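Asks: These are the residues of each chain, in order.
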Amino acid sequence: MRAYLLRRSLLAVIQCLVVLVAVFAVGTLLPGDTADVLRGELGTPEQVAALRTQLGLDEPAWTRFGHWLGSLLTGHLGNSLTTGLPVGDDIGRRIGVTLLLGVPALVLVTVVAPLLGTVSGLREGSRTDRTLNTAAVVLHAVPEFVLGLLLVASVSLAAGLLPATAIGMDTAALIAQPAVLVLPVAVLTARHLCDLARQVRAGVAAGRHGPVAEHLRLLGTRERTVVLRHVLPGALGPAAQQFARCVEGLLGGAVLVESVFGFRGLGSGFVEAVQNRDLPQVQTYALLFAGTAVVVNLVGDLVAFRLAPRREVTA
Amino acid sequence: MTPRTKTDAVRTRARHPWIASALLGVPVLVALAGPWTAGDAPSAEGALPSQPPGAGHPLGTDVLGRDVLWLVLHGGASVLGSALGALLVGLAVGVPLGLLAAGPRRGFDESVMRGLDLLLAFPGLLVLMTLAATGHRDWYWLVTVAGILQVPAVARLVRGAALEPGSRTVVEALWMQGHGWAYIHLRHLARQLAAPLATDAGGRFAVVLYLLASANFLGLGLPSSSPDWAVLIERNSDALFTQPAAVLVPAGLLTALCVGGNLLVDRALARRRTDR
Chain Y
1 MRAYLLRRSL LAVIQCLVVL VAVFAVGTLL PGDTADVLRG ELGTPEQVAA LRTQLGLDEP
61 AWTRFGHWLG SLLTGHLGNS LTTGLPVGDD IGRRIGVTLL LGVPALVLVT VVAPLLGTVS
121 GLREGSRTDR TLNTAAVVLH AVPEFVLGLL LVASVSLAAG LLPATAIGMD TAALIAQPAV
181 LVLPVAVLTA RHLCDLARQV RAGVAAGRHG PVAEHLRLLG TRERTVVLRH VLPGALGPAA
241 QQFARCVEGL LGGAVLVESV FGFRGLGSGF VEAVQNRDLP QVQTYALLFA GTAVVVNLVG
301 DLVAFRLAPR REVTA
Chain S
316 MTPRTKTDAV RTRARHPWIA SALLGVPVLV ALAGPWTAGD APSAEGALPS QPPGAGHPLG
376 TDVLGRDVLW LVLHGGASVL GSALGALLVG LAVGVPLGLL AAGPRRGFDE SVMRGLDLLL
436 AFPGLLVLMT LAATGHRDWY WLVTVAGILQ VPAVARLVRG AALEPGSRTV VEALWMQGHG
496 WAYIHLRHLA RQLAAPLATD AGGRFAVVLY LLASANFLGL GLPSSSPDWA VLIERNSDAL
556 FTQPAAVLVP AGLLTALCVG GNLLVDRALA RRRTDR
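Protein chains in written order, with this note's numbering: chain Y, 1 to 315; chain S, 316 to 591.
Hints in this document: simulated from the structure, not taken from any laboratory. Bear in mind the structure is a predicted one, so any value in this text is a computation, not a measurement. Cβ coordinates follow ideal geometry from the N, Cα and C atoms, glycine included. Keep in mind that a hint or two might mislead.
[As the list claims (entries may be wrong)] Stretch by stretch, here's where chain Y covers chain S in the computed footprint (C-beta under 8 Å, at least three residues):
| id | region |
| --- | --- |
| 1 | 530–536 |
| 2 | 558–571 |
| 3 | 577–586 |
Chain Y extracted, bound-state conformation (with noise of 0.2 Å):
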């Protein structure tokens, strides 16, 4: 377990240096800079040569790599080019949004996924189970931004029941008017609760017939304490490595889940920095993303190992 947990992390570790200079790396590599972008097509060359300066955009790669992780590690994330405001700021404004989004999404995940899973993969093969298993398929293959749009014309718009769009509202205004997160939720929801429950039916159904959950009837077990305490652990110890994909995801998904419906969180945050060309932002958004990425996938396989340490698959 011990050699396992220091490789791993050390992975991690790696990782996340890859990241840093990754995120780094586009910014230096970009053809035009953020002071062309400021400019326009209006600015002289003179202009944008003094914005250049102005914005440190002229020194050495190098030296901006350090001055960057400096003032990354004592929290100055720096100020955003396009508004002048820290990024902070903007990030601190926009989290609320997204976690507002991702957490109910993330709950009913964990806990309507392997129940799901259990009960389609003790009735392997009957009515249930193949429709659950179709409709998993089905709803996994969509993709987030049509299944958005389709419930908005048919539940908003055909059937007036649920509210199409979020624009305008900050984290208090959605509190208040929960319907407004209905059906973003639950879009961001279907594709890794249909993912993750299919993973845990085959888990189930496979150890259902294993020689462990056979041998355990023989000696005379109760069939509830075979599943709940040999055949669920073994097949949630795999889903743990899915569900840290997932909440990987939810990340991706909450990016267009928040452009459809309209909702100023971190995703659409980060969509309007990339149009906006606006470099700390990006990079600030890239690394809050891929390091979650880093962390979740580390906790992911740490647990899937701890479920089912034969297993030993990384990352």
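Start from chain Y and add chain S according to the hints.
Replies: Relative to the frame of chain Y, chain S by itself:
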């Protein structure tokens, strides 16, 4: 596996294979035959924007006043082509890497697989967004990077299949019989790898399709005037209420493509599992 699970699984999957085939077939047909049927010139320039279906425009017009039917018939080629391209990039890099990693040199194996582990730190959509932020918005950037993101998974699959105990014994036997590197890798291992790779490619196609469609929806790839289905959905989503056909038709085709492909892969996986 016991005979019981075999019958179970067959009973689970065997129904209505034609539904999946039809779901996949319609968008593929539209994508392949569409440009040829619709002709080159966009019909009726200068029509009113976001008009519901009516005379002259069987599916109405989009936000720019273009004929939706013409756009839909032309938009499938880029969806299908870019996903296939990215898949090919992933296979072209991943398969040789996986085979080399499965070769006799342990050090090489370690460094390749650890290196690929690092790639896994980057969520796909994030990489495409960051790429777009640096101005790399051409379709070939998108396709190449989406393909490269698939390399770790492909290489791992190929390495695992090539290292399977049975196949190693056979490889050693072939080696001792004096067959060369090319014979072993191109004839024997190719046959060994074909089935798992084909099934994985089907699933991977869906992943790439999802990734590229999402990127195009966010405006990271193709220009906003492109007839690509994902771009059409994005452009017309504001007029969802007045002109739903402009969103729902491309959305339906994209969904059918994803769902049909996934259903077929699911069936193939189930069959492979029971055949073993």
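Asks: Next, verify each hint and record whether it holds.
Replies: For each hint, the structure was consulted:
1. 530–536: Check passed, 4 qualifying residues.
2. 558–571: Coverage by chain Y holds here, the residue count being 6 at a Cβ distance below 8 Å.
3. 577–586: holds (count 3)
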